Amino acid sequence: MVVSRFAPSPTGYLHIGGARTALFCMLMAKRNNGKFLLRIEDTDQKRNTPTATNQVMADMKWLGIEWDEGPDCGGPNGPYKQSERLDIYNKYIKQLLDEGKAYYCFDTPEELQKMRDEAQAAKKAFIYKRPEVLPSEVEAEQAAAAGKPVVVRMAMPDSDIVVSDLVRGEVTFQAGSFSDFVIRKSDGFPTYHLACVVDDELMGITHIFRGQEHLMNTPSHQVLQDALGFRRPTYAHMSITVSEGGGKLSKRERSKALAKAIGADSSIDHKALAKVGELTDVELADYLAGESTPDAPQITKMAEFIGLHLPEINVVDFKAAGYLPEALVNFIALLGWSSPTGQEIMTFDDLVNNFDESRFNKTNSLFDRKKLIAFNTEHMKLVSPEKLLEHFKAYLAAKESPMGELDDATLAELLRISEGARTLEDVENKCNFIMLKADTIVFDEKAYKKVMAKDGVAEILEEVRDRFNAIDDWQGPALHKVIEDMCVEKEIGMGKVAQPIRVAITGTMVSPAIDASLVMLGKEETISRIENAIAEIRS
RNA sequence: GCUCCCUUCGUCUAGUCAGGUCUAGGACACGGGCUUUUCAUGCCCGCGACACGGGUUCGAAUCCCGUAGGGAGUACCA
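Residues -12 to 526 in the working numbering are what the first sequence lists, from first letter to last.
Don't take each hint at face value.
Derived DEER-like restraints, expressed as beta-carbon distance ranges [as the list claims (entries may be wrong)]: (1) LYS468 to ASN19: 57 to 67 Å; (2) ARG356 to SER123: 52 to 62 Å; (3) THR328 to ASN77: 47 to 57 Å; (4) ALA112 to THR350: 19 to 29 Å; (5) PRO327 to GLU53: 17 to 27 Å.
Derived DSBU-like pairs (lysine-lysine); straight-line CA-CA distance at most 30 Å [unchecked claim]: (6) LYS510 to LYS477; (7) LYS468 to LYS483; (8) LYS33 to LYS78; (9) LYS172 to LYS111; (10) LYS437 to LYS417; (11) LYS468 to LYS441; (12) LYS417 to LYS483; (13) LYS88 to LYS110; (14) LYS88 to LYS172; (15) LYS477 to LYS433; (16) LYS88 to LYS116; (17) LYS48 to LYS258; (18) LYS436 to LYS483; (19) LYS101 to LYS116; (20) LYS483 to LYS424; (21) LYS349 to LYS417.
Quick caveat, the hints were computed from the structure, so don't treat them as lab data.
These numbers come from a predicted model, not from an experiment.
Beta carbons are placed, not taken as given, at the ideal position from N, Cα and C, and that holds for glycine.
Required output: the full structure, derived from the provided sequences and hints.
Here you go:
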């Protein structure tokens, strides 16, 4: 049976690269009627954040990536958090130590740095020099008592290592290029390498899909597997996704973009900004000087404050930007992978049915947001109205939009009349006028100049008002007829009538179809907005 | 520096393993047009690539060698 796993370290929100890895792991399991596990790799006590695990799980669920076993739902292979499995790792580390396949070291960070500098100066790769005589258990205890850091290193063989990879074929690593690596840190926790190999064996993982950044780790993992008598899973090291700015898509990208924007605009009030970002003035200054990085939510808040659109990196960013999970999933699936059918727009089920692990490609791909928008537009039309409403509500909640207070029927109607919108944010923007009050409408300067500041507009609006007043049945067809009649009688184009109405009721040049918009607004509100617009023009 | 990986339109890619059906296909973007009461949507047309240099072969995007460029890793992070 196929068993795959996604094993994030809980350091923050799920980012788009992680989502892609998780997706393919899940697809592999689903396609083969296997199992997909979620394992939390929290062996770095410094970097872990307490809320990250829940954030990652929430992001995965939003995307529709569900797991069969994991920290929340349990399973026969638990616990699924590495920090709860220390006894297991220690058992294997002891075995390795006893068999002389691993050994103790007591180097300080400074000593290690010196060795690295020397290797660099000699233009050679740094390879840890294994002592002729391995330290004994007693010596390790003495070193620890003397306050020295005690770690355990794995002894690497002096022979070529071949990694067999689904994406890259057989990759040979030359003998002599391996350095004995740490498997247990001085704080007693295992390193990623050891914990990962042990858990993959114990959990029966058959397929490991991960980013290309792990390819260089695989020889080490294989040595561990061989030393412990473990089975070897099938590996696929997928190409990575780079950002438009170049380089790996990373969390740092947003923080950098914000700092740059703040630096470029001297009119920004730093005190107010610090308050918005929940930072002290000093912390903000440190951040701008490049000495520290605030947390992701604070960065988002500050960007909103200065009106900056940040590049989306985390799954939640895409959610808040109004993308559909179906579109995001479809889009990231096509980064470094293609369907054997050639199909591009795919539902979740299509992805499962078309998944083929032999169709990964080797080249890094650039994350093109414009193509994502195109995919989103397609999926806005594909998902059912019920599903779309569900996503719209989640979006409004994530953004804390006032529109979230509207009832389901109204929201569903907004979605319906916004057909053709590219993102949920477009729907929100387009329909925002219904949240306003007649006296809070602010006319967009360009819209006013282009549509309202023309001869005869006030007269047209007056006539529209009078004719609207005469309508009893405030429905689309009746409204449409009024506008059409006026155009015919006056021998003018639809735009000459509809546009002033649009600007009058929204303050902007963008809205859903005019009759649908008027129906949403109601007769009274429409007329009072038109009155206000007439008064504004006359003044 | 060292180790490993990669290289087809601006971008994502098909084709490369099994050389001819490839005057290289699709999608997004872009340009133009049509539809439209706005923004979108929809429809049509166009632009546009085998990194470079050598081989092998009757024939190379595809196989081999080299060059250039890009990426990843180089931690008591994962």
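Verification of the hints:
A hinted range of 57 to 67 Å for the beta carbons of LYS468 and ASN19 is consistent with their spacing of about 60 Å. Range check, ARG356 to SER123: about 58 Å between beta-carbon atoms, so the 52 to 62 Å window is met. THR328 and ASN77 have their C-beta atoms about 49 Å apart, which keeps the hinted 47 to 57 Å range intact. The hint said 19 to 29 Å for the Cβ distance between ALA112 and THR350, and at roughly 26 Å that hint holds.
Look at PRO327 against GLU53: about 24 Å separates their beta carbons, and that is inside 17 to 27 Å. At roughly 24 Å between alpha-carbon atoms, LYS510 and LYS477 fall within 30 Å of each other, so this suggested pair holds. This hinted pair checks out: LYS468 and LYS483 have alpha carbons roughly 15 Å apart, not beyond 30 Å. For the given pair, LYS33 sits about 24 Å from LYS78 by alpha-carbon distance, which is consistent with the 30 Å threshold.
At roughly 25 Å between alpha-carbon atoms, LYS172 and LYS111 fall within 30 Å of each other, so this suggested pair holds. Distance hint between LYS437 and LYS417 is fulfilled; the C-alpha atoms sit about 19 Å from each other, no more than 30 Å. A threshold of 30 Å between alpha carbons decides the hint, and for LYS468 with LYS441 the separation of about 24 Å falls inside it, so the pair holds. Of the supplied pair hints, the one linking LYS417 and LYS483 holds, its CA atoms being roughly 20 Å apart against a limit of 30 Å.
The suggested pairing of LYS88 with LYS110 holds, with an alpha-carbon distance near 29 Å, which does not exceed 30 Å. A threshold of 30 Å between alpha carbons decides the hint, and for LYS88 with LYS172 the separation of about 17 Å falls inside it, so the pair holds. At most 30 Å may separate the alpha-carbon atoms for a hinted pair to count; LYS477 and LYS433 meet this at roughly 26 Å. With a C-alpha separation of about 15 Å, the suggested pair LYS88 and LYS116 falls inside the 30 Å cut-off, and the hint holds.
Proximity of LYS48 to LYS258 is assessed by CA-CA distance (about 38 Å); at most 30 Å being required, the pair is judged violated. Restraint check for LYS436 and LYS483: the C-alpha separation of about 14 Å stays at or below 30 Å, so the hint holds. Note on LYS101 and LYS116: the hinted pairing holds, with a Cα-Cα distance of about 13 Å set against a maximum of 30 Å. Under the criterion of a C-alpha separation no larger than 30 Å, the hint pairing LYS483 with LYS424 is consistent with the structure, at around 24 Å.
A C-alpha spacing of about 41 Å is found between LYS349 and LYS417, which places the hinted pair above 30 Å, so the restraint is violated.
Hint violations for this structure: numbers 17 and 21, all remaining hints satisfied.
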